[in-house]
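Novice: Take the two lone chains, each set in its own frame, and fit them into one complex as the hints suggest.
From first to last, the protein sequence lines are chains A and B.
Quick note: the first sequence, position 425, residue 425 per my numbering, numbers continuous.
Quick note: the second sequence, position 187, residue 187 per my numbering, numbers continuous.
If you are wondering where the hints come from, they were derived from the structure by calculation, not from laboratory data.
If you're wondering where the values come from, they're calculated on a predicted model, not measured in any experiment.
Heads up, a few of these hints could be off.
[Stated by the list, open to error] Covered stretches of chain A (in silico footprint by chain B; criterion: 3 or more residues with CB under 8 Å from a CB of chain B, positions within the stretch not fixed):
#1 10 to 16
#2 78 to 84
#3 229 to 242
[What the hints assert, rightly or not] From the structure, some residues in chain B lie toward chain A, with a derived Cβ separation under 8 Å:
#4 ALA30
#5 PRO33
#6 THR36
#7 ALA37
#8 LYS38
#9 PRO68
#10 LEU70
#11 LYS71
#12 LEU75
#13 ALA80
#14 PRO154
#15 GLU155
#16 LEU159
#17 ARG161
#18 ALA229
Built from N, CA and C at the ideal position, the CB exists for glycine as well.
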Amino acid sequence: MRDGPVLPRLRERSPVHGLRRRGLAPLEVFAQSVSGAAPSAAMAATPAIVAASAGGGTVWSFVVATGLALLVASCIARFTRRMAATGGLYSLTAKGLNPGAAFASGAALLVGYGMLAAAALTGGATYLQTLVARLGGPVSVWVPVGAVVAVGLAAGALALRGVRLSARVVLLVELVSITLMLVIFGLLLAAPPAGPELPQPSPGLGGIVAGVLPALAAFIGFEIATALGSEARRPFRTVPRAVTWTAAVSGLLCVFAAQTQVVGFASVPGGLAAQDAPVPTLAAAGGWPWLTPLLDLGLTMSFFACALATTNALARVLFSLARDGVAPRAFGRTHPRFATPHVAIAVVVPVLVVGLAATVAAGMALAPLLVFLLTVATGGFLVAYLLVCLAAPVFLRRIGELTWPAVAATAVIVPILLAALVAYVVASGGTPVVVVLAALAATAVAWFVWARLRRPAEVAAIGVYDETVAADVLGDTGRAA
Amino acid sequence: MTTPRDPLPLSGRQPRAVRSALAVLEEVVAAGPGITAKEISAALKMPQATTYRLLNLLVGEEYLVRLPDLKGFALGRRAARLAVPVTTTPPTAARAVVDHLRGLVRWGVHLASFGAGQVTLVDPDPDHPPSDAALLARYPQVSALGRLLLADQPEWRALVRELRVFTEHTVSSTSELAARIDEVAHDGIARQCGELRADRGCLAVPVRAPGDGRLVAGLALSGPANRVADPNTELVALLREHADRLAPLLA
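Excised from the complex, chain B in its bound form (with noise of 0.2 Å):
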């Protein structure tokens, strides 16, 4: 999170500075992984001081990066960003899973995808409508789905844009979020009670790849507030189990 500032009136070449970064940005999508700073330069026949620089603030704001022969650039993960994630329906058989789920408890139970660094509800529970899918994308640090992200990321600050209050639950301040997401972290579920909506509350476990262990989607369920702070130690062991189960499907 960067706190605000007073935009700075564009000037002089600065215009012409921010559409060179952007061609800098589309000749690297363009060439691929593994072109040079030498080979932009002369692509965009662009100054190469000019280059290096662009090149550097780039990669300072990791929307580029550099490859570990320290000559060629991709594109960061941040980059991702810049882009509108594309809603994949899952398969069948992960659909299945989840409907299962569903068909065991009385809560709300909602599939998210987290590609491009976002919340992405990919099968949202039809009988239980959840929250507002713009909303959840924008503000990942109210929800547990993306409480779930953010504890995946060490640089999740830069995920969390404004730390608005919803309710009178919401968590207002830096430190107690990042308490927070250390918990999520530690223990391997996110909850959040009222802090979105005052009568609900969501709990959520990770569906990480069975592989490298990277997390690739979050299972949820939502319920009553007050209900999501007991321990609920068998929904939980239910929760995870359909995780489990997910896994293989989704990764």
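Excised from the complex, chain A in its bound form (with noise of 0.2 Å):
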């Protein structure tokens, strides 16, 4: 039945090797997905947006969402469970489409991820200057740049530092800032009605799937764990674990977190669509207006975090890129102290910070500049997922594992997202984020074509991950003859 055992050759050591190989805690794996979804910021913000759509039905919408995340997670763990990787949805693209499509969805994330922490700095600075105001601060165009500076420069300093100690800010600062939120959201929901409800116009069907894709945008950066492969302690347990487990726990707290903001509005005209700051008006109407204060904390917390978990990703994206040969190799070097990808660090954060300062300083009003950032970051992620779910099954055919439910789970949620997709492009339409994607996405293709051009080896041989090395192989077998 079989020609004698194939032994490939084993490298004596990992092709990205330099980053501290297996010594996260899964609770420190964990930790970085939820705060790249940062559920808490989502929690605040999310329903209201959704229910513009899905008025009545905005609890729905979030439930469909997050089975859709779920599908998504799952697509995810047929690679996660098999592979380590650092480079996250790219790395794993690359085992299943072709060198372009992988090449994509690195674009995609390089996108996203930029995008998500520019964002996350954005919102930090937003909240903080808001609490800053409230406690009877200076109103200044200066205390917003001042903070994405220093919130920028810490995140990257942490992350330089080692990435258990990041790690560990992140697990600490989530738990403080989703503690905070369950309890202003339980007082929130324990508090009486306002009055007799109003009849709610029905959403309809329709209202509740145009509800889907703000309340989809809620999730992005769930999938971090999948950057810290080669990091994290029983990868092939932890990664896939972590990602589904925090599509789940944002979808519960975003659940929750409609569900009181809906029944709160219920004995308001328009209800929740029509409010601007939904829980500051909820707590002054429950006669808490501490509690104000209180979320501007948390959810600063919440975007420093989120910040300091994407650029971790975003540096390990770079540094795959450049292991793969298709960006500047010096991005793919590592600190040998702290065994971080610390050229990939030192170039991208500054880059944000100045870039993001600059903006907020020449006057650019900070909540239409986050709602920006987070669109053109959806954008970048919508186009990562649909191409790791559509190289899932392709992956398991390739490797001969392939199983009905994988098929399904693909023909079920690529159809979704690519309708996600078109309505995303079509909602954005005549505004400047497809001016910006249409720009980015020109700049992938020359890159691409650079790197088709100058490296053509390399771009066919994309995809490094953690492979196993002779070091992990039981018996003299491992070591390659």
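Specialist: Structure, rendered in structure tokens:
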């Protein structure tokens, strides 16, 4: 039946050597993913956006979005149970689809994480400014500028100092922020209704479906654990669990937050959708104005954790692209002591911070800037999710482990993600988002063409991951003859 | 280390799943590295989906590894812990080096190998009997030799089963142990003062293969606990010199 064992030559060290292999505890990996999804911020902000389309069906939009996120997580788990990657979805996609698609995923992830990191910095600055103003501090454009610079550099320094340290900071900050949110929303849900419930216009199925796209945007970043494959202890168990649990927990928190807010505004004309700042309004109505600064604090912390987690992921995607030979090789270097991709971090963070600080200093209002950055990020993530879901069954077929649930999951999720992508492009029609996305896509294509011409061999072999090395295998057979 | 949990009672089809998992492990050993999931499924006449799940579980627990093509499987390093390590007597030339050191110092001199992820004494000092071999193998964190082994493994936590306290000096918290392990990795020497027996202490240095630097053995000095805490510059230099001489003989 077998022609004898075919033992491929094993390397003495992993192609992604230099990062601290197998050091992160499961909770630390999980915290990174949760912070990427930033459920606290999503709890406070997204229900009102979703309600604009879904009205009284807001909760259902979140339930559907959670289901979709879990499906994407299941596609991601097909890879992460079998391989430990450093480049996140990009490295995974490369094992299923051709180098062009993998490259597209890499570019989409760079846009996604880059914009999400910028959005997190902007969000943190927004709520810090509000908090400072509420506590009687100065109102000036320099408060958010200072916050962007300080928070950005702090995130960069922590990311540089070591993945373990930054993971622990993220874990602590996210834990405090989610606890704050649960307390706030628990109090609000327990509050007596302000008046008789008004009949809500029924959103219909169309409304709920339209609400799914903004609800799905609440999950972006939940896959960050995939970039920590080589650094996680027991990665084949930890990473898929971290991603799946993040989708489930974020979904549950968002459904809870949406329910609180829909109920809270049931007696107000226009309902939740008409609200500009729903949670502070509810807090004031409930007679707990002191909840509002607490909310600002929680959100600032959540955004800080999100900035830190996305910086880690962004640097690792860039690191993997460099190790693959399609990005400048310097990005593939690691710090000898801290075992982090220090060159990638040292380049990316200042560029983000300076660009963002300049934009804010030039007088761009924070709220529209945050929406813009999140919208662009969502575009990047939608592309990356679509590609990884498409790649999953192809990958399984390639290694001879295809099963029907894998095909079924892809058959369900890919058309939905495609529809979401189309809806997204249509919704952004005529806004600067489309122009920016087109420019980014053109840059990516030009980059790919350049790489194909200058480094054809590297492009063909794209997709390094933390493969099994001689020392991982028992017995002398592991050593290359 | 895992926190103790209530073991779930085996129920329903679980006994069959355990048998199947063991059969999968055996099949990988029998067929040799490179066997694919489909081949295992065919050889064991097991449904494919079940085989894939068991394989992913065993890979997740690191008893098996996937080879770089992601198709083939081989036994992982963790599987070594399923077998009793075979004690091999070191070559005469190596024993001569250890005896030479014994002639120079008044402390006990022990040589241990680290095969199978365990401390195995291969040349204990006959004049200064070391602690019980089973204790050393079971609680690597309390001996200097065991700490050398732990410091060499990124996943050392998996090897520390229980932070058992032997004396008032025994390290009893994971964070403190982690700091000690980091020190060992940094300094290239492990020490333990009265943590296993209140009156004894130990110093140990690694013996590394000359080519690739992998850890093959550890050379230890055991003496009075209060003396081990001293810098012992000359003793350490002597210990390192003999470890270097052992390297080409043991690797």
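Novice: For which of the previously enumerated hints does the structure constitute a violation, in increasing order of number?
Specialist: Hints 4, 16, 17, 18 are the ones this structure does not satisfy, whereas the remaining hints hold.
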